[in-house]
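Protein chains: 2
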Amino acid sequence: MSYDTKWWGWGDASKRASLPAPALEFIRSELGVDDRSTLPVALEEVELPAPAQLPPGLRDIVGEDAVLTGLEDRLRRSTGKSYPDLVRVRSGRLEDAPDAVVLPGEGAQVRAVLDLCASEGVAVVPFGGGTSVVGGVDAVRGRLSRLIALDLSRLRGVSVDRSSLTAALGAGLRGPDAERELANHGMTIGHFPQSFEYATIGGFAATRSAGQASCGYGRFDDVVTSLCLSTPAGELATPAVPHSAAGPSLRELVVGSEGALGAITEVTVRVRPSPERRLYKGWILAGFSEGAEAFRELAQADALPDVARLSDPEETRVSLALSRGGRASRALDLYLRLRRRQRGCLAILGWEGSPEGVARRPALAERVIRAAGGVGLGRTAGESWRRGRYEGPYLRDELLDRGLMIETLETAHSWSGLEALYREVGSAIRGALASQGTPGLAWCHISHVYRDGASLYFTFLAPRRTGSEIEQWRAVKTAACEAIVSSKGTITHHHAVGRDHAPYLAAETDERPFEPIFLVPRGTARVGDM
Amino acid sequence: MSYDTKWWGWGDASKRASLPAPALEFIRSELGVDDRSTLPVALEEVELPAPAQLPPGLRDIVGEDAVLTGLEDRLRRSTGKSYPDLVRVRSGRLEDAPDAVVLPGEGAQVRAVLDLCASEGVAVVPFGGGTSVVGGVDAVRGRLSRLIALDLSRLRGVSVDRSSLTAALGAGLRGPDAERELANHGMTIGHFPQSFEYATIGGFAATRSAGQASCGYGRFDDVVTSLCLSTPAGELATPAVPHSAAGPSLRELVVGSEGALGAITEVTVRVRPSPERRLYKGWILAGFSEGAEAFRELAQADALPDVARLSDPEETRVSLALSRGGRASRALDLYLRLRRRQRGCLAILGWEGSPEGVARRPALAERVIRAAGGVGLGRTAGESWRRGRYEGPYLRDELLDRGLMIETLETAHSWSGLEALYREVGSAIRGALASQGTPGLAWCHISHVYRDGASLYFTFLAPRRTGSEIEQWRAVKTAACEAIVSSKGTITHHHAVGRDHAPYLAAETDERPFEPIFLVPRGTARVGDM
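If you read the protein sequences in the order shown, they are chains A and B. Sequential numbering from 1 applies to the first sequence in my numbering. Sequential numbering from 1 applies to the second sequence in my numbering.
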């Protein structure tokens, strides 16, 4: 099988994020790292455990060519794309990998593979784009000795209902595949998470993904109307109706189930006409509290734009420093100096849709932002953000090459709990970095905004502690998760549970004693284990 | 205990719906019924099975005064308010009733009652307002010999978070109680189903209720942010965050669970500022297809008003006839004659909110309605509907007094499936009425509208077949439900499952073989039975 992405990092190998000289200087001065380069090992140096022998019936179901056991095939399905995943992959040392990759070509084959694996005691990890950043596709065998990655990338059906404005999409379609097909009908889902280029429709549903334009188009779980789930106990197709009061929602049980109940094979989503106009603008707000308060007002006045992002002062400062040299950053830099707003917060607001809507809607939002002391930076800052919206993971590869640790995590809370959550998690991250002997930077933004609250998205950057990278990372991640739990935020707003958040899941149901019945232990299905 | 409602029907006994002479003449001429009156028996004539003895520990938990065993107390918790419920209650002959009514005063008492009943093998039916129209509170004992109604009306806490615009509400608050408390804060939930006056917050959540203004304020399950559930296995409090990607949604498992998992004790909902302005207007559209198409366009253009209702020609004709004599109906009648629109469809659109919004928003919607050939009837028709919005159940009592059967049922479908569903269910109802020897009237409206589809709400009216009322009703209900299932509509958009829809629940998961794991068998919790 041929691949269009790096095996050791994110995306197309030919596409590299640039770190201009001032950005490198900023990193050197802030983090004290030199320019030593820590590149990934060569593919030939990667070692995986020898694969266990799998039931020959698998090949009978999907065909000889659709069962892969090559080292690169297995390697590419052994992790997601979190920082610890990349550390392990780049080092060439992985705890485990699937014994084979199985690629069913249709729903009936998915079901037959699950049946066979259930009866033979083979663990199954459903695999979409492999972009999980929470250990959601790890090869965890539990008490079973054999494990396959069930790669759903061949499930690529598209069927559009133009009257109901819905589309039934195969689980294996990547974001751009689905959008290209829908664009032929003049439609869009409007779901653009940072992982958009490589994540799949099935994965978006399985993890309750949220895109950067969630304020306008909704999160992915908002746009799912129904889906098909294949399990060893049978198949479930939830009803394709706009709403039902027929009991607990089976759709909401499958959405977010992360492969623990089976494999999602098809997802029907609401679609919208492709936007005819787009308008993205930047603002500077005096501080994070003032900005959050303005965002709250926008949400509660039903005046949210389709994209609404608010960086804290540190994220504003770091973004500016890392992109220094660009036209937008120069303008912004100058601006902040003139206004003595170096602790200012960058806000990006974006509107999409009909010319009429894009002309009318910004007025109310801009009034709120200006009333909060916001100062407009115009379209350059907005467009600059929009153009770079998928660049983060490419930049991460560059930073890893330079001996740095960079990782993100996210949470959400009601407005009344948001400020304390922001403070506690930020200080937990900074404290843990310092106590690991690697003081670093931590910053945050709001990017999903609701009438009753908002998400917080943290990034941290520090020198990598060579040889004990995973321990270093885990100390910071644990401190952040514990701060989230004790502040009563959710352990994840849109990255899902996976292995990394599993220990914190019980806290989602409050501190009272309760035996949860539907918690997903690790975000992976060990089907034979059920 | 004293009560403020009729034991044999709906609402305050002093509030009677009026049936003017032309309305009575219409009924006589269309249905051939005479004026014989079939009144309910006197309370003294009602017979209930002798109550079983309950564990004395119950009184220790809730106090002597909070365990009721009087005939009227038990009678009032033995049914909901569906047509067959009223037939049974009015006849004074009920299959069964709770052995006692237990009224816990706080969450801890709920838990203790459930624990005791679980260990003693006593069935428990959580009871809110008792307004179910699908057999949701029936005293079904299963294999247990003792049963209590767990009346939650004493759970009345109110706590408002003004920053997050949420309110934690006790499950036992009736609609008007909750709205009165919120009005003190200048807030509203905006949830106004026809049962609003007597249904409770807990019941709204347990049944996925949808209010008449669902297009604007959302259904009740849309506004629930978190809730507390008390079960024999412990208590569950879902996280009070705007959104979480931490696995399947436990909130969406509790919402719609109809008491099958335990008792909902508290519900946190999103609230909004009380509307400063209201504007309700009527239109006449040329036909139901044209009207539905206009509503689809409104929804897909994000131009829906807060209330959007479209009556079919028969509902338009019957409403007009039953209210004949009123100013609005005279004007409408004249209008239709002049325009030769006797097969026209009445549409009601309503906007609520800020003066600015109520001034701005109607323009786009009215453009769509006019482009579809709609003719404005002005505010009189709109206000007339709004004033009469809770009158239906009072009118039903009057019609029952006059020897008629009147019942409602509802469903929903995507736009592409809606017209066939409308045709099939309507013709199933009319066919079943005729085959029962009681030809009658059936009509329908759309009242919950989405980008991808809409609800259909059917009413049927026919002469009652004295002595075999239940069989007559069941034949029609069964025909309608089978038509819904075969047209792939949902068996319920907002009335929930209860006993009446339980046989059709499996069809919600498509025709493929699947062993559903979360289906609620009867909409009642037999806790000791779990």
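Think of the hints as simulated: they come from the structure by calculation, not from any bench. Glycine is no exception: its CB is placed at the ideal position from the N, C-alpha and C atoms. Misleading hints may appear alongside valid ones.
Footprint (simulated), chain B over chain A, 3 or more residues, beta carbon under 8 Å [claimed, not checked]:
no., stretch
1, 408-416
2, 452-463
Calculated from the model, a selection of chain B residues having no Cβ within reach of chain A, i.e. all distances over 10 Å [what the hints assert, rightly or not]:
no., residue
3, Met1
4, Gly70
5, Glu106
6, Gly142
7, Ala412
8, Gly453
9, Thr490
In rising order, the numbers of the hints this structure does not comply with: 7, 8 and 9
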